[in-house]
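Engineer: In order, the protein sequence lines correspond to chains C and P.
Just so we're aligned: the first sequence equals residues 242 to 748 in this note's numbering.
Just so we're aligned: the second sequence equals residues 4 to 523 in this note's numbering.
Everything labelled a hint here was simulated from the structure, so no lab data went into it.
Every value quoted in this text rests on a predicted model; they were computed, and no experiment measured them.
Take every hint as true, because none was put in to throw you off.
Below, a sample of chain C positions facing chain P; criterion: calculated Cβ distance under 8 Å:
1. LYS590
2. PHE598
3. ALA649
Here are the computed lysine-lysine pairs in the DSSO-like style, where the Cα-Cα straight-line distance is at most 27 Å:
4. LYS191(P) - LYS136(P)
5. LYS302(P) - LYS95(P)
6. LYS668(C) - LYS50(P)
7. LYS401(P) - LYS722(C)
8. LYS583(C) - LYS421(P)
9. LYS556(C) - LYS119(P)
10. LYS417(P) - LYS556(C)
11. LYS156(P) - LYS556(C)
12. LYS421(P) - LYS562(C)
13. LYS556(C) - LYS220(P)
14. LYS302(P) - LYS552(C)
15. LYS464(P) - LYS360(P)
16. LYS552(C) - LYS271(P)
17. LYS426(P) - LYS556(C)
18. LYS394(P) - LYS722(C)
19. LYS91(P) - LYS669(C)
20. LYS421(P) - LYS584(C)
21. LYS438(P) - LYS722(C)
22. LYS133(P) - LYS16(P)
23. LYS67(P) - LYS668(C)
24. LYS360(P) - LYS583(C)
25. LYS438(P) - LYS394(P)
26. LYS156(P) - LYS187(P)
27. LYS91(P) - LYS281(P)
28. LYS538(C) - LYS156(P)
29. LYS638(C) - LYS348(P)
30. LYS669(C) - LYS67(P)
31. LYS638(C) - LYS360(P)
32. LYS10(P) - LYS246(P)
33. LYS404(C) - LYS300(C)
34. LYS91(P) - LYS67(P)
35. LYS562(C) - LYS119(P)
For glycine and all other residues, C-beta sits at the position ideal for the given N, C-alpha and C.
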Amino acid sequence: MADGPVAELLLQRLEAADGGLDSAEVATQLGVEHQAVVGAVKSLQALGEVIEAELRSTKRWELTEEGEEIAREGSHEARVFHSIPAEGLAQSELMRLPSGKVGFSKAMSNKWIRVDKSAAEGPRVFRVVDKVEDEVQRRLQLVQGGQAEELGEKERSELRKRKLLNAVTLKTYWVSKGSAFSTRISKQEAELSPEMISSGSWRDRSFKSYNFAARGMLPDSGHLHPLLKVRSQFRQIFLEMGFTEMPTDNFIESSFWNFDALFQPQQHPARDQHDTFFLRDPAEALQLPMDYVQRVKRTHSQGGYGSQGYKYNWKLDEARKNLLRTHTTAASARALYRLAQKKPFTPAKYFSIDRVFRNETLDATHLAEFHQIEGVVADHGLTLGHLMGVLREFFSKLGLTQLRFKPAYNPYTEPSMEVFSYHQGLKKWVEVGNSGIFRPEMLLPMGLPENVSVIAWGLSLERPTMIKYGINNIRELVGHKVNLQMVYDSPLCRLDTEPKTPQTQAA
Amino acid sequence: MPTVSVKRDLLFKALGRTYTDEEFDELCFEFGLELDEITSEKEIISKEQGNVKAEGASDVVLYKIDVPANRYDLLCLEGLVRGLQVFKERIKAPVYKRVMPNGEIQKLIVTEETAKIRPFAVAAVLRNIKFTKDRYDSFIELQEKLHQNICRKRALVAIGTHDLDTLSGPFTYTAKRPSDIKFKPLNKTKEYTACELMNIYKTDNHLKHYLHIIENKPLYPVIYDSNGVVLSMPPIINGNHSKITVNTRNVFIECTGTDFTKELGYRKEIVRADLINKKVGIRETPENLAKLLTRMYLKSEVIGDGNQIEIEIPPTRADIIHACDIVEDAAIAYGYNNIQMTLPKTYTIANQFPLNKLTELLRHDMAAAGFTEALTFALVARTTLLPGLLKTIAANRKMPLPLKLFEISDIVVKDSTKDVGAKNYRHLCAVYYNKNPGFEIIHGLLDRIMQLLDVPPTKDKGGYMIKASEGPAFFPGRCAEIFARGQSIGKLGVLHPDVITKFELTMPCSSLEINIEPFL
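Looking at chain P on its own, in the form it has when it is part of the complex:
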């Protein structure tokens, strides 16, 4: 979830009123935001680098606000304010449109060479704007937030912004050999080739994360103006020449990317009012629903037979791709906590998953037999539970002896008959750790488990038996294989001293591990 950091007082000024922290938290909650932290630059530095470093840093109050990952339109102060003001019906949603310039329209020419590396590019110009320091900072930060989120850390899209008045169109987006690209990059005083830059940025904490996107490609993407000035080498760095400043009046924006699907523009959707009511569980008139949606930045009106709502989806709400997205916005504007809670009449009979049912029964009786349950990691996709139990003992060597542990959990093995090529098996493992090996205790536990599973100690197909065997984990002559219901289900025995010492243990130890699935 992206977090946007805004100056509280600026935010309140833009909202036209002040809030207490609690009031603002409440407003965020209602709208689906989260006031994550109230802090200041000073506090942040002091937390990360100590009080001394924080000396002199700004103590302007900052709100850190968590924004849902689909709301790219809220990733800056201006966007948040717009969203909240429309939500509170203080302003109407602004309408965005493309305006033709007085002079000639700018052009960005995309050459064929880009096809193999970063084939798409679009551009736009923001004209006659006026930055302030705060607005400028917000503009730069929004670009960074977009890079981190929807642009997938610049892999999908990289955005460059330039002072148009320092450039002259038309512009060319092309791809060249790195040794043939040479320019003065942002905030550097001399020219470098692209090869040199890739080296320099290897140690740049910010830029080093993007190098892999074009590194080792024969051609690098690059944008020139008509005089051969380099605007940028996407997705890494802009040129210094066209750098925007607080005084920039006309901003040239270029976006290069590997995918081109979303089209900017307004779109209309028609949703039936009763569908919204039915999905949310409310009974609002179509007019009211249209009003609710309008508060969510979706200008809506009732049309047709009076049960249809026409909704205008602005380009800023690319997250709306289905009627269910519209239903959600109606529900948010209605207020989740105003919705009447009801229990569905769904009638069902519950069943346990048989393997889990057996596991639950067994683990209670294992504890009744005096063994304590462990819970060890499965992350390594292990094929046996024993190492986890031995590590548990090693971490608890100070506990009084004997230690008697068990675990019933899944192991994973490759299995080409399964759709994913692997299968879990439910294993039961137990260990006894004491001054004596206690084989008879582990053996007795096996007898008890078989008694619980109603498997008699016979050589018949329905019974169980153990047979002398060998195993690398066991002391020679102290290992037996366990057969039950006509198949081998595991082993028990006294652990090999080498195994014991490898786990940094010092006492004799016996263990048992079986697959319980044959007893389902």
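Excised from the complex, chain C in its bound form:
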């Protein structure tokens, strides 16, 4: 209570004091607990500038109960020594003394006493020296007299180990007059109330000041998942750039759309069970666009459209095999095929962000499923320079402005380029995406006009999210082992404004 008796007494003493007061001394002078003075200091502090208080901490040494006993009556070993008469004492008897057990072994190691095991009535203890210096008692008495500083660190810690001494940290306040010092304080209101407002009494009251250093109370709220917040931002970026969203709501895809339509040969290692999850039920696609399938078959096995083809025996059974799609490019192939059926050709910009599945070795940055982001532009006469121009605009919306392009190989794009961005935090170029121009062997069988090029690029959603939110283990982000506290605490996703801090060494 700000108007408690201790606070008032404190203020009176402070008025008379020269400079300031120590809270512990005030407590002694007033004959009250130190805690009561501390309470008064705190409540006066809450009033604003009435007083100033500086926290000081002092370390003090205090004897334990046993320590006090030893200071008074001597150490156990000394007491054992003194209890042995000149003719010695039976060990069994000595052990029954209150200090017997501890004192005996200490006195032995000090070489003050000895045991004669050959004595007739059992082992007998004798003095070895005439007189002993009780060093332990002397040291404890020093501490008791407030002269603990006389002892060395080593001696003190030895006494502490024997549980004779305790270090006590005493927190006191140095209190002085504040800029609004007054010995008279009126009772302050905690909060504004409806009554005060209606009666106008708030005009005559003073109010307790708020502690603005304290944290507020978080509102009860629901939270969006960080990965999906990033997904929303990527959708937004594509929409801002005029890209139409492709349907991707089919996790199950045929090998035809996932591989064959993309001119990926049937013996390609990606089509192995080790890389792809094939389905047992439904194991095969029920329908395929057979005219188009024939053109794809011919391109693979014999070539055409200016291509040598792969020259192998293309099998329909292989194309029918169902799988969990390994990339959303399967959905892009469907979208481009639909586009090719619309005559005359109209330019298109497509995007998608959805789950894909791969039989990968799992580690801190890889799961068997992840989200793929894909952008596609189809128009007459698109060039590699156009692809790079679109990538520059896209990545600059992510705040990545320093880009460079590396030649790469993808089975269904040619030319292909990997996109690297300079990471300020990691101080190196990191791969941020993969891109290319779809091969004519993919586009022409669909029925797209010969002079139409399709540029495309892709990246994972997880990697930029992990970098953005500083998450090192993908399991904390995706899947049921998610850390909900992380979800609760994650900030807005503003891809282009925040500095890129190096929170992860993931590469």
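Model the placement of chain P on the given structure of chain C, informed by the hints.
Structural biologist: Just chain P now, with coordinates in the frame of chain C:
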């Protein structure tokens, strides 16, 4: 992407100059390679097996270089050096040709028995060569890299190399019953039958991966010389007799396989210069383009009307199958990062996929209703989202109650009207986990969702209602079916205690799961 490991100093010696790590990294980047790691044998062993094992291992600096999966010609030090030197115009691309031997030409006779197991075989002889230890190692390693990549782990093609001077042609490629094949295999001291070998190699960390290719076949492929010496039992193992060594001068190479399409030889292609310029987005003269292509190991010259470029594709560039492959090489030699970036003038109006648009709108209002979004695995091609949410709660039991979670994601069901025989449905699932079941909270959430979807609580066709129901996941009498727009869209209720305990949970829990597609 295959990785080639080369000794740095040997590489620099072959390149005729040294580079700093950064300079070499830059050169790789430009050429489409990636300097993946700088290490040493010692470092590798120390990383994998600890410092003690690494004691005494070589600390010669190794460059690990990632090579694109289509460039089989770069899979060894010699190939890398050749590619880079031609790229930097320090040497001209060598021309490979078949040379007739002085004596009689060697023959490999393929018998009919091989048709059912591994029908194709080709052979060649490398004459008058001189190995050094490094070259020999590189030769063996290249063979292994080819096996792993273009040869599809020996399933497609297996290569065997032999010391020709220990053999005598003609050679016979045939197939025999495993019990009838008996020879001393590579690095073994006694003879075994093929059956015994298949057993022995079951525990061989390297060879066990290839056994499945011929295992359980009635006949195994085998190659003999004219004296009945076994050269190899492809695709598993060579014979010890014809083993090559550093001192081998003439190498007999045999390749057996299941497919025979690629023919070795030079091929010519003609590509118009303006096509290359148009595809890349540059304006180079035909002469310059021809020069660029020549740097990519594609000897080119301007012919005809001066706008045509004739390109010679060497047998080492089997990856060139279309003009677009040639366009890419011109672009690489030009330098990707020298290409002027331009924005296409493609004019389009963007549209959202309606289902995703609805999902986006709903998930924001679910969070506004106090529920937190989860993101669980779809890999199992699940038919309900509920188990994923319950597992999420189980993994977060230490969090303060109540836990209120939701997820809007796809489930998969079989559907014979779809081309692949299955269809996704977009589901919304929510759970409430607390000391009390909170049915009224989940019910209230349903009311809120319907309010958001502008569906009134009426029995009319346009409205929604819930009706007492049963479900194996729910506590009896605490489950209702949700009807909206005239159809059943899901269920809500209090979960059965058996379900709660199976998920290692201890509190009551209520849930709701609906299909949102009827509201599109």
